[in-house]
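Got chain A sorted already, so can you dock chain B onto it with the hints?
Heads up: the sequence lines are chains A and B, in that order.
Quick note: the first sequence, position 271, residue 271 per the numbering used here, numbers continuous.
Take any residue in the second sequence, note its place counting from 1, add 289, and you have its number in the numbering used here.
Errors might be hidden in some of the hints.
As the list claims (entries may be wrong) - Straight-line Cα separation of at most 20 Å, DMTMM-like style, residue types lysine to aspartate or glutamate; simulated pairs:
1. B:Lys-775 to B:Asp-687
2. A:Lys-284 to B:Glu-448
3. A:Lys-250 to B:Asp-353
4. B:Lys-356 to A:Asp-99
5. B:Lys-445 to B:Glu-766
6. B:Lys-846 to B:Asp-353
7. A:Lys-262 to B:Glu-416
8. A:Lys-284 to B:Asp-427
Note that these hints are calculated values from the structure, not bench results.
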Amino acid sequence: MEDPMIARRSFLARIGLLGLASSGLASGILSAGPATAAPLDLGVLRQLLQTLSLDTYKGLAAFVVPGDDAYSHAQGTADGTPGAIAAKAPQFLMDSLDDFVGLPDTTVRYATQALATGLAGSNVDVPGLSLLPGQVLALDNALTKLLATDETIPLSLPVAGLLNLVATQVNPASVNGLFVSPFARLSFADKAKAFEMIETTESGLVAKLDVNLPEPLAETVSGVLKFVAGAVIEFTAWGTYSEYAAFDPKSKTLDGRPVGWKLAHYDHRAEGYDSFRGYYQGRKKVSHA
Amino acid sequence: MRDVIVIGAGAGGPVVAKELAAKGLDVLVLEAGPRRADPRSEWTSYENDANNPLTGFLRFGPADRSKPAWFRETPQNSFLWQVSGVGGTTQHYFGNSPRAYPGVFEGYEGRDKSRYDVDHLFPFSYEEMLPYFQRVEDTTPISTAAMGPNEALFLKGCETTGLPVQTQRTTTGPAYRPQENAILQPGGHAGRTRDENLLVYPEATGCTMCGHCFQGCMRPARAPRNKFAKRSTDNSYMPMALTADVWAEGGKPVDLITDAFVMQIHTEEVGGETTATGVTWRDGASGDIHREDAKVVVMSAGCTENPRLWFNSGLPNPNDWVGRGYTDHYFDWVVGVFDEDTGASRGVGSGARLDFPPHGAIMQVGIPPAIASFAATFSDSGIRGHYGNGRGGTGPWDGDAGRFVGPELKELMGNGIDRLMFILVMTDDDVEAQNRATLSALPGDEHGAVSKVEFHHRNRSGRTRNNREALVRKAVEVQRGAGARKVFRLDWPPLILHVQSSMRMGRSAENSVLDPTGEARWVKRLFIADNSAMSNCAGGPNPTLTSQALSTRTAEKLYTKYFDGDPFVGHDDLVVSTDDRISKRLQELDL
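Same shape as in the complex, but just chain B:
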């Protein structure tokens, strides 16, 4: 019998595991994908090798890359971008760590109060969340991003908007700024040379501006795992969880089992209440089935897999909200063509942003050419110049919105990847019951029925659609202000990559799965700690920091409720994930 079993080692699970391991609990973490203990021997920085959603090492599939990816049904034009393995989607994230907007929490009294998704607020105040934000910001750690050419260009465009510069972490209104990133900033030779012989730890520290955030971070070369620049959880929280005995007094390292796909959560009736008692998982290599029991089970398998596991376990769903209310920031993509160097293929994934509450946010994105070409051919508005698929709208951008295909795509890419600037539009999209993860009617796989993710993107709420249009116009304004010769809008269908709120925490029992502590309303001792637990989409800011702060809070809540512990956030000594004791211990354990 374990104290706690955590299902999934993505953005949220390792946070819970690290906090509880520090308190000496016996924690087992089960991860469906692999842990890449030595990325230098297993990874490259090539886009197809890394990110091909079917074959790449950062795909959603089993550890053995010769086996097919795991299928998920998406019955509409869309793309669902999941990643298995320790780190989950933080392996390919950009480390952008803005806080959720205060307007998405209960108790907000700003003048724009009524313009947020007021029916689906976080069931506590922003002030209550603040210490948890700070805990994650200090642990990860988070810092102000350095500029490369792409950031300098974007910020130049922002300067023409008349908006102020934000110089604090809390967003109180429309403003632009460098990102607060979960990336160690360039030190030594890093960022100052292309000579790979000099880009070696400790002569180079932090971000080498290699342009490969999306391909997974393993730089600088020869750095200890917990000192790689990007603070994905495989580099930050998981190393802490695995070494808790050396940096926390009374700490107990977690047990991590990878290639372990959880197929069922077990429950019993205890005192008239359905209560979680343990889990069953399947070992990917052998096919063997294992079971362990625990006092508390934490689901951290993500917005798409948590509902699947819930349904496949036959857990109760009396208000029919399991899997519903899925938000994805209803992304859009605005491309500018420049006559000068944009540095789009060099530097961090994104080092600058413009927050535009209550509509959402926009940010520049630096990426290599394959993902750039994918982004330029992905649209709900048909093929530019040929058909609009019922949309294809015009606006302040040039020509129709739509896919670039054929000579047009070749010409766009032929400008050169470093003559393009990409802006991602992240909409504050409403929690809507129609957007959801459920079970597919297709035959299941070795882990049972598979997920089906439905987005009714042409039928989203008026507020969501209006927010997106306001953001696209702001993105076009920034592109032109920066000097773009041409500006194009793609009108993406759902790119389901920022995922939130499919197992949401809420005040009302009518439209939420979790109570305000993060515990399942209908299953005791079962908690959810990842993006799916978020009450809403955070207002548009990139979700990881908010998800991790919420996971920290949930870890504390379950520790005080079921293990007779005291609240610890703000009361214990904070240890940063780059601590030398962690590096040393990882080396001793050959991890």
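Chain A on its own, in the form it takes in the complex:
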């Protein structure tokens, strides 16, 4: 039987808290001391978790539509033109998931709790565990506290957590390195493998989320997370090729030509085109029989 403490540390590293703890972002805020150190303010934790989620969605955006950004370089598919990150797809995903999916708060909480407990025991040998900084434990305590409150959990968090967890299954070395998110550290081919793991029907990994949930919610939560994890690919593409990045919702106008329109050579006209090519075989009317 695996040491529960090591399993827990491994899990925390895998969902991306290690990256957060090691990043300069957290160093000024987190005590490097043991778990008994001063508790972390929940507002600060929210900000940090948001950073982790955003980094994960940057990794996702580069995966769906690569560009000339650092994340596309890291996955090995950079080209000389802008991609989803330039089109602000990561922010698009976060905003959409957190503010407009009418999923009940309790369901997101269940999903996050399931992620934070149900998968902690899955066995992956993560390198460098003994070197985990104390900040990780401070984050864990704060996360546990957050999950125990009635505060709304943003949906972007469990979805990002799932991507990161699966990323470390595909490549355990992704717990360390550039960026905050393990998923963002994967090569393009490994990101595809991560989605295969989420999407493949036989995969037991997502089903493990249900282990600690009461019926009848069990299959529901893994089903919802599985659906969302797949849909984020389509949604990233949508955000990239739409007007989102250039659109001002207040004036309902564009402040320039959207990146995706340039990529797709789209000549948008609202009122109409000179596209009339007559009627097929000159027939304007058919028999009503």
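Relative to the frame of chain A, chain B by itself:
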């Protein structure tokens, strides 16, 4: 006490409301979403602003766009595309108006008779349906679509198949043709210029070929609401229902309440029978609860919401068919890459089709880039070149079926939206009990337990799967015939957008919810009139015309049964929804 309460103002409800308002009945229409009285001030033609399923103005959610969308559980890779508001999904539809195939009705004697979903036929003949088809075709009105570059290319491909051209509205066998569309055809400057100063009513009439059918139709600019090109029910039937006093002798305009979500249908035992007596709804802005009674209640809330309302109202379900038999045309998507202009982003959503009974139908689709990219990343076959998710089949298309992601997606889209031709595959899919709308176990929302829509798409019937393969091959043939350099297949999971038959009308009490008149088998004075009432998926043709014809028939049936009226279809003077009296009255009422 009202005569009739209609729940939902999508494709079906406004048809019932208009027909009964013309007969002078006191009709109340309750719509969960908003009515956009002045789309020019509230809409744009941008894809995300319009169609984002979470935030767009054509989403399934409350009128207040700062509030989250309404959640529906779909426990599988799939996408359920509902739209609230007056017009429902006709707000984003393409206006394609083919008739259902004759083979899906009782009494059909064609040689391919046994190859349809014979256990789930419409419980009356095609001949009986014909006057109702014609009624809707003439009212909406429907006409032969003009061609743009996309149609010309698709039809060129069809010409290489050896199939005949269809020149009548009834489909009697495999054939191709321009669509019969619920779209006013281009007149004046429309379709002849890009100059927005010239694309103004009345110098421009009908379709301006703007390419924004999916974003909602508000063109030509300055046209009266009932003369916008696309005949979504917010532009056609609902304006008629709201002005019935000026175009129908003895007509009475309906009352329309929007932002009104119906949460319960009330019943009483009358003469030993469960009988509908009224409804309760919640006002979205105030949260107030309201109740009204009626002699007859008509459910027109759609394939996903009708079952929910039924279950949340505690109505009987003795044969367990409420919500079951949901059909969705098991769509697929075939993309061709061309070296010439395809005009995919310009013109109507679709102006040409190939009907291929008894398998279903295919049609070209013109769309802007965001929805095109969504369509190219949506698959049940994994990511092309990486994994097949247990499928990823090869065939006459190029490479594996699957999602385009990463450099491949960028390259595909980088050909240019107007170098791509998209073909939608619409399968004649069987009514199967396993595909259904039921209640989710997740916590409910302010309107009660929410819907869960289950599709077991990998376990569909052999006939359904074979039909789809036959159609995909035909679509590839058309793409290559048109000159495509590359042809790709996506193998979509369920895109639940053409929805039918979840509260089906049937001959047998064993597998239907409605009797052959459209009345609920176990609740008197409760009718259903929308796509969910359809007995099957119509054979693959786009469902709106069939749904509206059926709704017309149901309106007539309930009028004769409960209001002592005479049948009116074919007996009264037909008024077209573009009538000037309607325009004038809408203006007077500031609607």
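Does B:Lys-846 pair with B:Asp-353 here, judged by a C-alpha cut-off of 20 Å?
violated (37 Å)
Holds or violated: A:Lys-284 to B:Glu-448, with C-alpha atoms at most 20 Å apart:
holds (19 Å)
Straight-line Cα separation of B:Lys-775 and B:Asp-687 no greater than 20 Å?
Roughly 7 Å separates the two Cα atoms, so the pair holds.
Do the alpha carbons of B:Lys-445 and B:Glu-766 lie within 20 Å of each other, as the hint requires?
holds (11 Å)
Straight-line alpha-carbon gap A:Lys-250 to B:Asp-353, limit 20 Å
holds (15 Å)
Could you grab the alpha-carbon distance between B:Lys-356 and A:Asp-99 and see if it respects the 20 Å cut-off?
At roughly 8 Å apart (the allowed maximum being 20 Å), A:Asp-99 and B:Lys-356 satisfy the hint.
Please work out if A:Lys-262 and B:Glu-416 have their alpha carbons no farther apart than 20 Å.
With Cα atoms ~52 Å apart, A:Lys-262 and B:Glu-416 exceed 20 Å; violated.
For a C-alpha distance cap of 20 Å, please report whether A:Lys-284 and B:Asp-427 respect it.
holds (15 Å)
Consistency with the previously given hints fails for numbers 6, 7, ordered from lowest to highest.
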